[in-house]
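Okay, here's what each chain looks like letter by letter:
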Amino acid sequence: MTVRLTRKYGFAASHRLHSPALSDEENRRTYGKCDNPHGHGHNYEVELTVAGVVDAVTGRAANLEALDALARRVILEPFHHRNLNEEVAAFRTEVPTTENLTVEVERRVRAGWTEEIGARLEKIRIRETDRNICELSV
Amino acid sequence: MLISKKIEFAASHICRSAQLSDAENERVYGAAANPLGHGHNYVVEVAIEGEPDRVTGMILDLKQLKDILEERVMDVYDHRLLNREVTPFDKVVPTVENIAIDIWNRIEGHIPGARLYSVRVHETNELCVEYRGEK
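If you read the protein sequences in the order shown, they are chains A and B. Just so it is clear: in the first sequence, position 89 is 271 by this note's numbering, and no numbers are missing. Just so it is clear: in the second sequence, position 87 is 935 by this note's numbering, and no numbers are missing.
Fair warning: there could be bad hints in the mix.
Partial list, derived from the structure: chain A residues whose beta carbon lies under 7 Å from chain B [as the list claims (entries may be wrong)]:
1. LYS190
2. VAL236
3. ARG242
Here are the simulated DSS-like pairs of lysine-lysine, each with C-alpha atoms no more than 27 Å apart in a straight line [to be verified]:
4. A:LYS190 to A:LYS305
5. B:LYS939 to B:LYS911
6. A:LYS190 to B:LYS983
7. B:LYS854 to B:LYS911
8. A:LYS305 to B:LYS914
9. A:LYS190 to B:LYS853
10. B:LYS853 to B:LYS911
11. A:LYS305 to B:LYS939
12. B:LYS853 to B:LYS914
13. A:LYS305 to B:LYS983
14. B:LYS914 to B:LYS854
15. B:LYS983 to B:LYS854
16. B:LYS853 to B:LYS983
17. B:LYS854 to A:LYS190
Please keep in mind that the hints were generated in silico from the structure rather than gathered at the bench. All residues carry an ideal CB built from backbone N, CA and C; glycine is no exception.
With these hints in hand, go ahead and build the complete structure from the sequences.
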């Protein structure tokens, strides 16, 4: 039987939403307070949803230890207590909006995926604040 | 259209399989393999699929759904040791995956006039499973 299992992780990071392709006025209009040149931060929550068949012996649909190890390696270690614009290569060129962050996390999770997890990645959700959530189906 | 109802129960469980060695149980389930057991406040969301009735404007009578969940889930699961007191957990490990499947099996076919769409079980704030009846 196939179930969808969702595991939640958290990291705290800072960012600034500012595009070099836009004028200062356009940046202010597009990003508002998030364009503050000094940056600001969030407690991000990342939800990884995997689809897997429940093993008859263990009753588990995925190897949570392997999934947690992947999340630590590709999301938490590179992002926790970091300045996303300065310390994550992708955000030297892309604006670290929740949308772009979700795409970047999906890219990293897919690249680092291992057989050992024993399930298929189905969805990624990132909660920047309680009112701002981005979801990507894989 | 989907409508969801949420219930919460508290229960204890032991995640160990008789078919695995002690070392394998520790590796697969970690701290949850403690033979003395531990517990959670489980949150269950049951989603029902249907169309609103032209007269009542409702997909189904939520009081009726509440009674079904009380009788078929709460009375069975709340304040129990799942391994000892709830079938099928004398035979299968009460992981959150198997709990979602069991709750589906207990309520499917008992909701008049609407189709059961999914059962979601949150074991902790960090771990949730959804089952939609796929065999």
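Evaluated hints:
Of the supplied interface hints, the one on A:LYS190 holds, with its beta-carbon coming within about 4 Å of a beta-carbon of chain B, less than 7 Å. At its closest, the beta carbon of A:VAL236 sits 5 Å from a beta carbon of chain B; the interface hint therefore holds under the 7 Å criterion. Interface hint status for A:ARG242: upheld, as the beta-carbon distance to the closest one in chain B is roughly 6 Å, under 7 Å. Note on A:LYS190 and A:LYS305: the hinted pairing holds, with a Cα-Cα distance of about 12 Å set against a maximum of 27 Å.
Proximity of B:LYS939 to B:LYS911 is assessed by CA-CA distance (about 33 Å); at most 27 Å being required, the pair is judged violated. For a cut-off of 27 Å, the pair hint linking A:LYS190 to B:LYS983 stands: about 26 Å separates their Cα positions. Under the criterion of a C-alpha separation no larger than 27 Å, the hint pairing B:LYS854 with B:LYS911 is consistent with the structure, at around 13 Å. Between A:LYS305 and B:LYS914 the alpha-carbon distance is near 30 Å, which puts this suggested pair outside the 27 Å criterion.
A C-alpha spacing of about 22 Å is found between A:LYS190 and B:LYS853, which places the hinted pair at or below 27 Å, so the restraint holds. Distance hint between B:LYS853 and B:LYS911 is fulfilled; the C-alpha atoms sit about 10 Å from each other, no more than 27 Å. Distance restraint check for A:LYS305 and B:LYS939: the Cα-Cα separation of roughly 32 Å exceeds the 27 Å cut-off, and the hinted pair is therefore not satisfied. Using a Cα cut-off of 27 Å, the hinted pair B:LYS853 and B:LYS914 holds, with the two alpha carbons roughly 8 Å apart.
About 21 Å separates the Cα atoms of A:LYS305 and B:LYS983, which keeps this hinted pair within 27 Å; it holds. The suggested pairing of B:LYS914 with B:LYS854 holds, with an alpha-carbon distance near 9 Å, which does not exceed 27 Å. Our distance criterion of 27 Å between C-alpha atoms is met by B:LYS983 and B:LYS854, whose separation comes to about 24 Å. Of the supplied pair hints, the one linking B:LYS853 and B:LYS983 holds, its CA atoms being roughly 23 Å apart against a limit of 27 Å.
The suggested pairing of B:LYS854 with A:LYS190 holds, with an alpha-carbon distance near 20 Å, which does not exceed 27 Å.
Of the numbered hints listed earlier, those contradicted by the structure are 5, 8 and 11.
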